[in-house]
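S.K.: Two chains, two separate frames, one set of hints: put the complex together.
First to last, the protein sequences are chains A and B.
Be aware that the first sequence starts at 473, since it is given in our numbering, and climbs by one per residue.
Be aware that the second sequence starts at 151, since it is given in our numbering, and climbs by one per residue.
Hints in this document: simulated from the structure, not taken from any laboratory.
Each residue gets a CB set at the ideal place from its N, CA and C atoms; glycine is no exception.
Among the clues, some could well be false.
Which chain B residues face chain A? A few, computed with CB under 8 Å, are given here [as the list claims (entries may be wrong)]:
#, residue
1, T154
2, S155
3, H158
4, F160
5, G270
6, M276
7, T277
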Amino acid sequence: MKKYIAIFVIFALAVFLPFGNAAWADEDSEQSIHVELSGGVSINGNNDSPNKAAEYRSLSDEDTVGIYGGSVDVRSGKIEFGAEGRHIDTVDQDYSGHLDVDRIFELHGGYQEFLHRLGQDELLHIQATSAAPGMAAQLWHSYEYAPDFDVNSNEAPNKDFGVNYEKYDATTVLRLPMVPGVKVGVHYRYENREGYQQAMGMSKCGSCHVVAHDKDIDETTQDYKPFVEVNLGQLSMEYSFLYRTFDNHSDHLNHLYDPAVHPFTGTWDPITNDKYGGVNYDYRDGPLELSRNPEATKTVHHVKGKYDISKNQSVSFGYIHSFAENQSADEYGIEGHELDTTYDAGMLSWTANLTRDLLVSLNGRYQFIDSDSADIDLKGDSNDWTRDSDEERNIANVRADVRYRLLRNLTLRGGYEYESDDRKNQEFIVDRDIKTHKFKTKAKWRPSSGLSVTAGYKFTFRDDPYALEDAAYPTHIELCVDDEGNEPVPHVGTYPYGEYVYGTRTHNMSTDPEFEHEAKMKANWSPMDMLFVSVYTRYVHGVNNEDLEYKYKDDLLDSGIDVTVTPINKLSMTLGYNYLRNNMDSEFYIPYYHG
Amino acid sequence: MDYTSDVHTFMASANYNPLPGLSFNAGASYSIADSKIQNVDFASDPHTDGDRLDTDTKWVGTYDVANNNEMESFSKLDYTVWDINVGASYAINDYVGITVNYLYTDVDDQDPYVYGDESGQYQSLMTYLTFRF
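Next up, chain B with everything else stripped away, as it sits in the complex (with noise of 0.2 Å):
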């Protein structure tokens, strides 16, 4: 039996001051996470006294140990996940500055199992004012 993870991060970043008291950022990154469970081989066994699997049928409704190949399939995992934030503050003047943020993630979750379907978006726009003395 293997089992084996694989996670590819891309990752990129950016910072730029065109003016005093004026920046911008941005920023993403991008993975890619996939686990699986391989060669698993369970022979069917007539002492389990069931139907053989077969391959278009996924449960047979048997006590047959075949029926534990499939865990191949139910063990997999397959994500990829999306990270991006850009923003930008302001200093107005010595005293008042203006920041916006936003936020933005994105999980696909391509094989589900136990946890259920765990893709989702989530995103938040933030601005505020600072006062400084």
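Next up, chain A with everything else stripped away, as it sits in the complex (with noise of 0.2 Å):
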């Protein structure tokens, strides 16, 4: 795209050349430059972990580093350039620039550059089934990157991770003279990210057999963003064509799987592989691929504009076309299924001032999303089965909105939303069409000079909101008894999960609130121009209790206050505190599995 960016400011400036005269400066012109360059030392000191108190500092790992900066503008006639750059170290710097050509060819543009520490997840909590250290018991945990590391030692070895940051981005504008209204323009970005974060193994009965690897990432984002504006007076429109590449350079990771052992007949018999499972893999596949995100490429079709019916009336629109295709597929052998998702959406808005006091606006907008199912091939052909995307869904949502000015110093405004969330598949959910209705009021009041409030509440109701059928509350079930309640030889008999531990489930469950609260509230005083102070606060509330043995509540309050005084010109002060509390009261069902 770098090469498209160069074609581009070739034929803009080819284009231009013949102006050339008339953008720079003449005698009688002003010219200004400005530049500015600075140069230091960074002395810097960490103690104990700097994954949290330096978590995008990458000065933590030196001591002493040399920095640079600096600033560069020039204005020449009808040419303005700018640049600016900060270089903290190999790892940590930003540059931006940008360039005007009397506003007949534009450029700007930015990189920047920064580390984020991670953390290590050191696995000592995962001794639910295990006996304690120094007790002749093998704790079911292990380091891939460490592997004569001594588990039973009740410590994590030493390790960093963490990714490097890069992203530099360019937009390229031209408005020809003899074109008036067009704007034609091209954005570019690159994103990459490089380096190592930690990714987990787990194998049959997952929660205590985890192995942690060291999983490299190199992984690079592009997009290419050509795009059109016209302005014909009343209409404006826009037109863009997005097309994104992510390409995974990272090693592949692998991991060999624990024997899936049959829970009830017996131990591993490693010379006649007997006793089990039916459908997991396992060590005797050998090493398998696990967390690595596929390739893909994604383009995307963009249309808007704006018509403004009159002085007081304007009528917006919007189109979508998008199209993402999974390009590892067939690398890992889906067949029939390239894994695509298609997403089209469409939008129509009106806007009106009915009066000088009253706006009114109405809005649509439908969205459908269509994507491929994935085969899922398990051990045995009885077993293989289909599995539909769970993105497939048509979304409805229609919005209209309110703004009364009722007197010179408050602003009143009302709006209504309602959204109907239609999904396709997700059997499993209660109710795959969940319909979403809003209620909003806000009102600005400006009671002196010195004083504005803003205070707004926002009920929200959900009809059959997102809940899992039957997740929770088996019914008890004995096995291994026959029709008359006796026992006869134990564990006699296959007992499928989905028959026996899903399938006797009875109850829902949810977090997804039916009925919900908002309640906000914004002060800004002044009483005097040497001091100003801010308040606000937020509340939100949502209960649960439909279809559920138990009642969901979530409560969210964030609230604070700033206050900055100005005793003489010279001196400003501000504090601030806020405070952030949230309460959630539901049920925790756990599934518990031995063997």
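M.R.: In structure tokens form, the structure reads like this:
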């Protein structure tokens, strides 16, 4: 894409050059050049873990480092050029720049790089079914990157994880004088993540049998987005085409899974390979890949526009067509379905000032998501199945808003929003068509010149909120008994999980509120020039007990105050306090498997 | 089961320009963040064939579901964080200036859990000359 931008710039200059004399400064034009250069040193120190104290600071790894920076600003006639940059170290730097030639040609872009430190899950809390250290038992976790580490020591190996982020983007715009009202441009973005993070391999009975890996990260995202904007007086439109690629150059990560031992028929026999579970892949299938993001491409066509019907009325419209394709499906032998997702959305909005004090707007939006299903291949032909996509759905949304200026210093707003989220698959939820109704009111009031208050309230009602059907409360079944209740030979027969574990659950579970109330208030007060006070609060309360055996509740409170004092012109001070509290009351259902 | 998060954040900052070309700035923030699960209650179940959990013994090495009550302490998060920055900038003349900035961060992890003890301190003293043309 750098080549494409270069071609575009050359094309722009080739068109622009005939007008070059007009752009360059003549003897009477104003010229200015400002340059700033900075150079210095940073002396750094750290104690204990840098993962939180220096989560985004690479300097924590170096005692002393030189730092550089600068900026340049050039204005000469119709040319404006500016650039600035800051270099802290090789993984912490950012630069930006812009060029404007008589508003005909415009280029701006930037580059940023920084480090994000990541933690290591020490796995020391996984002691669910093991004896304590020193009791001659093995703790069922280990570290692939520290194979000789003593897992009974109740310590974790020293391991630093982190990812370097690198991003640069550039936008070029061309406005040709001979075609007024038309702007063409192209936007390019490059993003790269490189480093290591922790990944887990979990065998059968995975809450204990966990192995930590260090996963190589080398992933690149690139966006190429040409666009054109047209302004034809009352009508303005924009079209853009986005082509996005996600490439994964990371090393492949493999895991050797533990033997899938059948829980009832005894321990594993290495000679006969007897007594294995039926469907799990394990060490007999060799190292198997895990934890890899698939490569993908995405194209998006986006059209949007606005038509001014009159001075007081306008209509906006938009349409998006997006196609995302999994490019790794072939690599992993996924036949029949390429795991594509198609997204279409249309939007129409009408806004009108019916009177000087009354503004109304109506908005409608419809979205379609179609996504391929995936074939799941388990051991034994009778266990294969097709997993339909959870993404597939149709979403309809309509909204009406009103704004009315009741008094010179009092403005009221109200609105209603309806949304229908109709999922095509996900047969495990109670109702796949979830309808949401929202009612909103807001007031903005200025009782005096130094005081302004904004208050709002929103009520949300969800008809059939998202809930998993029959997710908990299994009925008790006595296994290993015959129809008369007698116990024959223990563990006779097979007890599929689908029938005897999941199939016996009788009640629903949900963490989606059916009713939700939200109240907000903010006040700014400046009784005198030297004092400014801002107070704010937000409270959200949600409940759901529809078709549940319990009552789900969620409360959120976010409040604070900021005070700024400027006793003299040369001194200003700010004090602030914020309190955030979130309380959720629900039931926690833990499926417990032995063996 | 109750899950509660509480975060208090205190912040103060000041800017002082006693003379043209000379400025001082300082800022500090102190956060206290706490999250926990409460009222977890799994009764010991004879079907899981183990010894009842003893309040003085952390793990008995059994399959008793009552061991899951330990979730309350394992899911407890408790952090305090100090962020302090102090700086000064002086324009020696129209072309040269000097800047000094000091930054200090202190994270105190009072209930280490999955990621171990994440307590740590970081500080840096930055000084640089600026030349203007």
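S.K.: Now, for every hint given, state plainly whether the structure supports it.
M.R.: Taking the hints in turn, this is what the structure says about them:
A cut of 8 Å between beta carbons decides the hint on B/T154: the least distance to chain A is about 5 Å, and the hint holds. The criterion of a C-beta within 8 Å of any C-beta in chain A is met by B/S155, whose closest approach is roughly 5 Å, and the hint holds. At a threshold of 8 Å, the smallest CB-CB gap from B/H158 to chain A is about 6 Å, leaving the interface hint in force. Interface hint status for B/F160: upheld, as the beta-carbon distance to the closest one in chain A is roughly 6 Å, under 8 Å.
Below 8 Å, beta-carbon pairs count as interface contacts, and B/G270 has one with chain A at about 4 Å; its hint therefore holds. Using the Cβ-Cβ criterion of 8 Å, the hint placing B/M276 at the interface with chain A is satisfied: the shortest such distance is roughly 4 Å. At about 5 Å, the closest approach between the beta carbon of B/T277 and any beta carbon in chain A falls short of 8 Å, and the interface hint on this residue holds.
This entry satisfies every hint, going by the numbered hints stated previously.
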